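Chemist: The primary structure of each chain is shown beneath.
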Amino acid sequence: MTDPAPAIELKGISKAFGPVQANKDISIRVMPGTIHGIIGENGAGKSTLMSILYGFYKADAGEVYIAGKRTEIPDSQAAISAGIGMVFQHFKLVQNFTVLENVILGAEDGGLLRPSLAKARGALKKLAEEYELSVDPDALVEDLSVGHQQRVEILKALYRHADILILDEPTGVLTPAEADHLFRILSGLRAQGKTIILITHKLREIMEITDTVSVMRRGEMTATVKTSETSPEQLAELMVGRKVLLRVDKKPARPGAKVLEVENLRLVDENGVERLKGISLDLRAGEVLGIAGVAGNGQSELLEVLGGYANATGTVRVNGRAIALSGKDCTGQSRRADGIGHVPEDRHHEGLILPYTAWENAVFGYHRDPAFQSGPLMNNAAIREDAKGKMARFDVRPPDPNLAARNFSGGNQQKIVLAREIERNPDILLIGQPTRGVDIGAIEFIHQQIIRLRDEGKAILLVSVELDEIFSLSDRIAVMFDGQLMGLRNAADTDQRELGLMMAGITEDPGDDSIAAVEAQLAAKNAREAAHHG
Amino acid sequence: MDFLTLLQVLDSTVRLATPLLLACLAGLFSERAGIFDIGLEGKMLMAAFFSAAVASLTGSVWLGLLAGITGSLVLSGIHGLASITFRGNQLISGVAINFLAAGMTVLIAQDWFSQGGRTPSLMGGGRFNDITLPFADALSDVPILGPVYAQLISGHSILVYVAFACVPLSWWILFRTRFGLRLRAVGEAPEAVDTAGVSVIGLRYAAVAICGLLCGVAGAYLATGLQAGFVKDMTAGRGYIALAALIFAKWRPWYALAACLLFGLLQAVALRYQNIDLGGVIIPVQVMDALPYILTVVILAGFVGKAIPPRAGGEPYVKER
Amino acid sequence: MDKMPAWADAVLVPLISLILAALLSALVIIAIGESPAAALKLMVEGALMRSAGWGYTLYYATNFIFTGLAVSVAFHARLFNIGGEGQATLGGLGVALVVLYLPWPHWSLALVGASLGAAAFGALWALIPAFLQAKRGSHIVITTIMFNFIAAALLNYVLVNLLKPAGAMDPASALFPSATHLPTFQQMFSSADAPLFRGAPANISFFLALLACVAVWLLIWRTRLGYEIRALGHSESAARYAGISPVRIIIVTMLISGGLSGMMAVNTTMGESERLVMNATEGAGFIGIAVALMGRNHPFGVLLAAILFGFLYQGGAELALWTSIPRELIVVIQALVILFTGALDNMVRMPLEKLFLSMRKGST
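First to last, the protein sequences are chains A, B and C.
Take the first sequence: its position 485, counting from 1, is numbered 485 in this note's numbering, and each next residue is one higher.
Take the second sequence: its position 147, counting from 1, is numbered 147 in this note's numbering, and each next residue is one higher.
Take the third sequence: its position 361, counting from 1, is numbered 361 in this note's numbering, and each next residue is one higher.
Isolated chain A (complex conformation) (with noise of 0.2 angstroms):
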């Protein structure tokens, strides 16, 4: 007997958006009746890959190849048709319809909707027996919860007869319980010969559920393997790669003052999830503090609320005075004036204005300082002298202030941040992703800046999702994980194995013979969790 078909044979594919190259070259194969695990960093390029198979974009060279048959895949519809059902990451529901509505939307039988609901009923009814997908059918979609909303999304690729599921980061918005539920229904799938592919950035879920892994890093297939034949540690490394030497020269820390104060610090976001669940830490004078963690596991609301422009609720000092946390005094302005400087996350939405100059931009946040004003009017003048010293003296490229910002490389951009922030000489500077979307060259610049300002005996907080950033900037590491700080180490007594598992959310190491270990901590932890939820 011959191995059957894969059920998706991908060859060469190819995608570039301007002069990114999303894609390079990939070519995988699926085997009908698995889990395949995609694993990369953000911005590998395994959203991008999926996308092009379920024809949201269309690759620039490469073939798609379904159940051993060369398949187009101009639109969305074609994908659905060659039984491509995918859950994206941003759920694609409309929020105020029913669930049987939002299964039946472009699949209904017949113009009326009647008969349509009655057979979604049916199916749902069959489909939640099945495999553990059982959700309200007559529930509003706003009403769920974000799990029952991803059940909803899975139960419409069921209903469109979809024999291939792709999942993109199903995980990243669910509580552990939830994921353990959404695990349960993969392997039902599975057992029922569905083929799943699975992407994620997380090692704890391919190793959970996965039987075999691809690796993609920078827009590249790395690796491929089988699950059963590989360890966290092994996939942490080809996904991280050894990337060109970056090491800092730097020499030990002499740490000061305690000039930043947290104590637990709470944010509740708008759809009432805690984002900040009682982070307390402590930031010194002449010294980097790293914060690690996969994204969106509240680095950014950390950001955002010391920046002054999210509120919150707890304490936090700044050279040992109280400031507000919400109110009138809790902005951008009266942080800055606080003597705390911020190059935030991203510098296209927050950073910088895009349309503006780079002079303008070399102002921005403090463009109400006296000393660019002259009478009722901004001295642009002045403004405009003192953004050309900036930019030679971060050798930003081309050093022309006229030019408008998204004319800038992503490094140059960085820099005239960079160089607003470090120059108007913080105490406090708070740094996210400083490297993002940067070219290496100016990497390195960035981080003997950063250095500099450190060994000048300023505190710098950084976040990064970069392990190989935090740990060649950083004198203490501090991982956070669901809204937590999940622990602080000295970057000297630590390394990107114990890291790595505190960013998966488990404290303790354990020890060699880890995938047993980690299952056990995982289970227990989940039961915990399943306890506090109940």
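Since the hints were made in silico from the structure, they are not lab data.
Treat the hints with care, since some could be wrong.
Covered by chain A, per the in silico footprint, the following chain C stretches (three or more residues, Cβ under 8 angstroms) [claimed, not checked]:
hint	stretch
1	218-227
2	233-247
Which stretches of chain B does chain C cover? Using the computed rule of at least three CB atoms under 8 angstroms from a CB of chain C, they are [as the list claims (entries may be wrong)]:
hint	stretch
3	70-83
4	89-96
Over 12 angstroms on every C-beta distance to chain A, these chain B residues come out as not near it, computed from the model [as the list claims (entries may be wrong)]:
hint	residue
5	Leu10
6	Ser12
7	Phe175
8	Thr177
9	Val186
10	Ala196
11	Ser199
Note that the structure is predicted; figures quoted are calculated from it, not measured.
Just so it is clear, CB atoms sit at the ideal spot from N, CA and C, and this is done for glycine as well.
For this one, chain A is given, so just place chains B and C on it according to the hints.
Modeler: The following block gives chains B and C in isolation, referenced to the frame of chain A:
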């Protein structure tokens, strides 16, 4: 106020509510699909002119109706082109359409009829005549119900009945058919429709076309039913009142009926009385004029039941990043 | 890199849109059996070849400068103020109250007082929609439309019931005292041997409008407030990061916008009719939209566009007088300008961008 006067006011309410209702339902289809339309006024005006003009030239009100609908549909097409195909600003497009209609109608009217921007008065077959429902005369002697049937329910032009029939019909289309489900979905979450393999653009054009059709009927009623011919700017802000009614109705057909009847009543009262004396407090007629708008602002402010427009309204759908 | 050079964006796109609008207008003129060339000649002669024509052109332009500036200031904060009509209506009320009920020894003082009154009333009328947008998220386009109608009803009430002199028939206020009459261009520039601007309504408010252009230019490009207004318009999230309060900026921007719309009434009510009448705005609030779009929200562009529309208005009046083309042709042109420079912007822009991209590729 005696019973007969009340009947007359209510009768006039029905007549005045009809164009509002048609335009309001037109806007409902468009905005439910995510296309804001402040060009209802212009489309009605265009339809009013072309229906009166063609009815006057051919003597057939039905040809007039057809012409009115066509005129309105052309403007819908422009709105679709601007807001769907070229992903332009839907509000600016609506403003442009209103001016286009205001200018073109007078321009063409002057060219065709040379009567100072109006059409000749319509007579006979050039107008929609009032229909007397069966037994209206026979039953008119029955106390209360008789006159209500004979005067209020019977005796309107066919388009009035069409407009009122459009309410359950719209409800049925929107909430009981596949097309309605998809149309509502595309105004709430076009990405859900797109990933389900249904064309967002196709649905939105369909909605805009329905909007044009209904505005066409509304305009035709104004010029050939309510009045006998076209005069410059004869819509007199009705498109905006319909827009207000739409918000007031929270984008729902039956509520739209109620809102339009309310606004029609305000117009009818304002038309009949100058100032209203409510037990010593005199309410000037201008309050009646302004009330629909004031009520809408109150609703918009969310102090009395928040009006939440379709979530994807006003935003062009862009799939590629 | 930018897809096209800045000059193309600032000049070429509006110019092509204008040409498209002009071509379509010419087709309309042909369709009604007139000659576009003859019509243009008539318009130029009537509006630009005599000083009296200029007197009308600049009178209209004064209105359009104010309303155009109002719309563009709001646009900079990404607010679409479609309520210029209502704000100008209230501005007229402000002018009338200030001029009628305060004793003014000289027109120059009255001009200052009336301007303040007009701006204050216009701003006040923009305040509620601004507040509702900033605090409650009510769509400012809808609320400002509603406020246009409410303004009309309010003015109607005030004129009929409060300001109309006893015994007068038409709903209008009493004539303003002669000490408050503004000097017209005729009075300012004519000499005994060289009469200029005879009978034209252009008056000293035109210079007030020019002043407003300069003030708006300073505001938008030279003050912190303008910097913050533009920042909010470009990116609300970045504005928050920088400590700029969206609520404050929305309200302040709309107050300025409403104030500018209101000041239009100085020209119409005080400068021309010298009493408050119904519908003094004559749609100028809406023309402000076309003017702002064409002027690319820049005061200098607004000035040019306002003069162009002033020319169209005066030329259109001439056409209506001498040919069978009604004044409404101008409304059509206005609609086409809004359509092409506003809603169909991408239709003009996308092919141009492609063209510039291919030219750049060709040259490297």
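Chemist: Which of the numbered hints above does this structure break?
Modeler: The structure conflicts with hints 7, 8, 9, 10 and 11, although it agrees with all the remaining ones.
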